[in-house]
Amino acid sequence: MIRRRVFVHGVGAVTPLGAGWQETVAALSAGRSAIAPIDHFDARGFPCSVAASLAFPEGTEERRIPLALAATREAWAGTRLEAAPERIGVFAGAEPGRPRFERIVALARAARDGGALRLGDQASAVLSRASQASPAAVASRLAGELGATGPVAAISLACASAAVAIAEGARAISRGECDVALCGGVGADVDPLLLAGFALLGALSEEGRSCPFDGRRDGFVLGEGAAFAVLAAERAGAVAELRGAGRTLDAHHLTAPDPTGEGAARAMRLALGESGLAAVDYVQAHGTSTPLNDAIEAKAIRRVLGPGLAAAHVSSVKGALGHTIAAAGAFGFLCAVEAVARGTILPTAGLVQPDPECDLPHVTDRALSRRVETAMSNAFAFGGANCSLVVARA
Amino acid sequence: MTGPSRRPAPAAIAGAGAASAYGFRWRGLARAVGEGALRPAPSTQLAATHPGTLSSEVPPVAAGGDRTDPKTRKLMSRAAHLAALALAQALEDAGFGDDRQDIGYYLGLGASGGPIEELHAILRASAAAGRLDLHRFARDGLPATNPLLAFHLLNNLVLCHGAIAASVGGPNAAFHSRGSGTFLALEEALWALQEGSCARAVAGGADSALHLGTFVELLGEGVVSQGLVPGEGAALLALARQVERPLAMLEGCAIGRGEDPEAALASVWHVLGPAEPDWLVIAPWGPPARRVLEAFARGPLRGVPVLDLTASLGDGLAAAPALACVAALDLVVGGARRALVLAAGIDGAAGGAMLSRRAT
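Heads up: the sequence lines are chains A and B, in that order.
Okay, so the first sequence: first residue is 1 according to my numbering, each after it adds one.
Okay, so the second sequence: first residue is 395 according to my numbering, each after it adds one.
Just chain A, same shape as in the assembly:
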């Protein structure tokens, strides 16, 4: 059986803090946050009226694909890889796209009126086409952009989507299914319906504050963006090595993590075990800023790293970029890569009063600059799907 090593080449991202990853890193390093009042629709009265949102032209319906394309182009431009089209794979984390809210309302109204309206006759006017809205459309579009005809997969695992997409891409290279893989995710969920959905779950910050591991945290803030990385079997030109991945299910509860943190801990242990490591120098935590998740993740990190935690650092990019849902795992991964590739440990924006329950070696205020040999990123989804990734210097 082929078990090839997997290396990280180019990375790319679009965020409210920058049109590219390095521009974003510069802002994150300075401790800047993208979280601001929502101004592209009337969010007054919503339980949370702030987000790290991106500006789109008026009337833009499909927001995921332009973001994913921009991040892909940056990631791809940063590589010098050559591979036959059938040896290039695409693995994208995405949730279904949504038509504009007005269209959904039109659907509901038409359905309420039932047979009198004969919904079928106006269907195409009510909803966008299924092939455009599906997560698979993102992966297919990116494959078309790269001319890739190798394996293509669209992963829909909520907040773990992109991390699992990266794990899948790495597996495909390791197994010899392809030589190059574009992996990552996109999230564009700052719209009334999703804001309502997460508000109904009680997951959003009513204080409008994203402050992972802070004693004042009361929920997450939505973010938007896309982050992609190009993985390859080739080492030359690589910026990092993807050493291991671990995936588990809590099998506990729909929204609450396993209070023991064992599901998350198992994912981290599996990723470390595959990497041949007992600990890492840096953890980019899932760190959503929700009371329960942060405390349980902190406990799991302490348990897994053990004595190794004393020499490590921990931070969460969600303090600055909010929770980008299907893209979140890719942003975490890029932060981990940044740490090992350039020695930049990004801070947790918003973390001012660390919660004793979340006692970790936090990085706050500004980025640290130091040599980092190994790093881990976590992504834990609603429903209890967990994915941890471990990277090392190339």
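These are computed hints drawn from the structure, not numbers from a lab.
Wrong hints could be hidden among the right ones.
As the list claims (entries may be wrong) - Computed footprint of chain B on chain A, listed as stretches where at least three residues anywhere in the stretch have a Cβ under 8 Å from a Cβ of chain B:
#1 30 to 41
#2 154 to 161
#3 192 to 206
Cβ coordinates follow ideal geometry from the N, Cα and C atoms, glycine included.
Chain A is fixed; fit chain B onto it per the hints.
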């Protein structure tokens, strides 16, 4: 830079679970389809908006047949409920007992839809002078909405609901599928078994084309007017690296892509052939895909009997290839040496799986 493509090793099929118009079982499914015992009927789920629409619906669960906690049931989308029922059945059928923390779970799934009535509630509370008022939406619409709505909307909960109910905690992935993604789920399970990520895994698909939102999308695609019959269901194969008495072997899966569906099918056959199957089970996505699959059956597989699952069970989208796999399993358990499953989807991708009495 180039490397050889590799395929995962075959795995033993220890059991299966299914929910379809045939009911909550898989044994006998192939015969029922072959005898034409399952026919589409006017949809009950679409009766209010699209009366008379022919569909293939999963019947109500018999009393005592659903061990899902009623409160949890309210949190499940249709696909999530069917997946949970199929998962429980597959685990029991395979004898995958109490220690399930390391069992892998790989699922092809589609868009998860919430009850349209919930949107009505929002609409009623949010309208002002006949128009949507976002301020009113926030003030009155949200409190009028059932907070459980969000649980229906997250795709991954189709996988997670069942995992929570059955305590399945191993490696996992949910692939968005309109056909081929379900074969990715099966292939990923084979790889996970081969690489030692888990010793046992459950893989398949779950979906419903009968949610109003999905059905309207299908109308928009034009495939309903071409003859697509919406269906629903869930089906899972319980796989193991080693099992004392396997029901059959899952020899392999393959996915072919490209704008030319015939070429995509040929690439699938290139991987899964050339040993001729005793049966070909097809799960086409709409009439155009059926024509392609039937043409393929008349070509390289001329003379091989064909079982058309979607002609009987409707098009269950991500569920359709998985239902075809359990029908193929039924054929192999019934004596066939080898059964080939082929499906073609709207995205131009084709997928296939080969099941056999033993590894070849």
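Against the structure, the hints:
1. 30 to 41: Contact hint for the segment 30 to 41 of chain A vs chain B: violated, 1 residues under 8 Å.
2. 154 to 161: holds (count 7)
3. 192 to 206: Three-residue rule met by the segment 192 to 206 of chain A, so holds; n is 8.
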